[in-house]
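For this note's numbering, count along the sequence shown from 1 and bump the result up by 158.
Source of the hints: derived by calculation from the structure; they are not laboratory data. Since the model is a prediction, treat every value here as computed from it, not as a measurement. Careful: at least some of the hints might be erroneous.
Here are the in silico distance ranges between beta carbons for each label pair [to be verified]: (1) 254 <-> 189: 35 to 43 Å; (2) 270 <-> 184: 43 to 51 Å; (3) 325 <-> 248: 18 to 26 Å; (4) 382 <-> 269: 22 to 30 Å; (5) 270 <-> 410: 39 to 47 Å; (6) 439 <-> 382: 18 to 26 Å; (7) 414 <-> 248: 39 to 47 Å; (8) 252 <-> 168: 36 to 44 Å; (9) 191 <-> 389: 23 to 31 Å; (10) 272 <-> 415: 42 to 50 Å; (11) 444 <-> 248: 35 to 43 Å.
Think of the CB as a built atom: it goes at the ideal place given N, C-alpha and C, for glycine as much as any other residue.
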Amino acid sequence: TVDVQVLNKKTGDTVSGLTTKNFEIYEDGVKQTITNFSQDKVPLSVILLLDVSGSVQPNISQIQIGAIEAMKHLKSTDEVALLAFSTYTGVLQNFTTAKENIIKAIGNVAGNSISLGKATRMNEALYRAAEYMHRASNPSYRHAIIVITDDFANNVFGGRSFTEASTVIYESGSVVCGLIIPSGEDKQIAAFIPPDQQNTPYILRRDSESVTLYAKETGGDVLKALNSDADVSKKFTNLIEYLRALYSIGYVSTNSEQNGKFRRIKVKLSPDKGFALKSKHGYYAQKVDLNK
Numbered sequence: 159t160v161d162v163q164v165l166n167k168k169t170g171d172t173v174s175g176l177t178t179k180n181f182e183i184y185e186d187g188v189k190q191t192i193t194n195f196s197q198d199k200v201p202l203s204v205i206l207l208l209d210v211s212g213s214v215q216p217n218i219s220q221i222q223i224g225a226i227e228a229m230k231h232l233k234s235t236d237e238v239a240l241l242a243f244s245t246y247t248g249v250l251q252n253f254t255t256a257k258e259n260i261i262k263a264i265g266n267v268a269g270n271s272i273s274l275g276k277a278t279r280m281n282e283a284l285y286r287a288a289e290y291m292h293r294a295s296n297p298s299y300r301h302a303i304i305v306i307t308d309d310f311a312n313n314v315f316g317g318r319s320f321t322e323a324s325t326v327i328y329e330s331g332s333v334v335c336g337l338i339i340p341s342g343e344d345k346q347i348a349a350f351i352p353p354d355q356q357n358t359p360y361i362l363r364r365d366s367e368s369v370t371l372y373a374k375e376t377g378g379d380v381l382k383a384l385n386s387d388a389d390v391s392k393k394f395t396n397l398i399e400y401l402r403a404l405y406s407i408g409y410v411s412t413n414s415e416q417n418g419k420f421r422r423i424k425v426k427l428s429p430d431k432g433f434a435l436k437s438k439h440g441y442y443a444q445k446v447d448l449n450k
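Build the full structure now, drawing on both the sequences and the hints.
Here it is in structure tokens:
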């Protein structure tokens with residue numbers, strides 16, 4: 159199954175009301191036959207992946223307020239889990255349909271995440287979140303990871319690589335989205351890094367392997383919130399609505415080889431004038447161990 163978002167190029171709004179006839183899907187250049195198609199019918203399995211590094215802690219109350227509003231836009235069957243990350247990643251609330259448990263867990267995040275360290279390992283966190291998604295979510299639901307962060311990372315100091323993390327994300331079938339919370343660290347970085355050391359990987363330096371890159375790989379979206387309760391709530395809700403508006407397109411691959419190789423997916427829209435498409439770039443085929 160491929161989750162596809164269709165956007166109006168002029169307004170950026172999601173486009174609804176399309177049918178199977180509007181889409182064509184290709185795998186490694188070979189056209190595939192669409193076997194199932196839907197929009198807003200598949201329940202969601204959502205992981206809220208919360209950055210709890212020091213630069214984000216002052217915004218926890220805003221994030222909780224935003225989550226309260228966003229949860230209103232989830233259906234009773236949708237399940238949500240809360241994971242937090244810094245140097246390490248931990249599960250603060252397992253998947254639940256009781257949205258009030260998520261709100262409570264966000265409120266208690268400061269006390270429950272002390273052992274996670276002070277660094278910001280984005281790649282490691284997404285690797286762990288995708289692993290958790292794979293083993294704990296409902297396999298028939300649409301999978302999404304929403305990263306709530308100021309988008310500062312120091313992956314160069316250890317943890318998984320982008321390739322390792324993206325591989326597991328593909329295997330979990332997850333769409334990655336990001337809610338960027340302002341932290342004011344840009345000015346602090348400019349003040350503390352000498353001009354002749356601008357390429358040094360300081361802990362609070364913005365990392366090129368940010369949540370935006372993961373969103374592009376998986377067909378997700380990234381929104382930047384202003385430093386206000388209202389805007390954090392609005393952007394949080396917009397991401398939930400983005401996930402709800404995705405089209406789910408299913409097909410059975412014409413390639414029956416089980417070799418574990420990456421297969422590139424291309425979705426085309428007809429007519430495509432005035433529209434933009436977002437979807438994952440591909441997936442890894444199952445691999446059969448011939449030695450067994």
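Hint by hint, here is what the structure shows:
1. At roughly 41 Å, the beta-carbon separation of residue 254 and residue 189 lies within the given 35 to 43 Å, and the hint holds.
2. Taking 43 to 51 Å as the suggested C-beta distance range, the pair residue 270 and residue 184 conforms, at roughly 45 Å.
3. Range check, residue 325 to residue 248: about 22 Å between beta-carbon atoms, so the 18 to 26 Å window is met.
4. For residue 382 and residue 269, the hinted distance range of 22 to 30 Å is satisfied, since their beta carbons lie about 28 Å from each other.
5. At roughly 43 Å, the beta-carbon separation of residue 270 and residue 410 lies within the given 39 to 47 Å, and the hint holds.
6. A hinted range of 18 to 26 Å holds for the C-beta pair residue 439 and residue 382, which are about 23 Å apart.
7. For the pair residue 414 and residue 248, the supplied restraint of 39 to 47 Å holds, since their beta-carbon distance comes to about 40 Å.
8. The supplied range of 36 to 44 Å is met by residue 252 and residue 168, whose beta-carbon atoms lie about 42 Å from each other.
9. Under the hint 23 to 31 Å, the C-beta atoms of residue 191 and residue 389, about 44 Å apart, miss the expected range.
10. Separated by about 48 Å at the C-beta atoms, residue 272 and residue 415 satisfy the suggested range of 42 to 50 Å.
11. Checked against the hint of 35 to 43 Å, the C-beta distance between residue 444 and residue 248 comes to roughly 30 Å, which is inconsistent with it.
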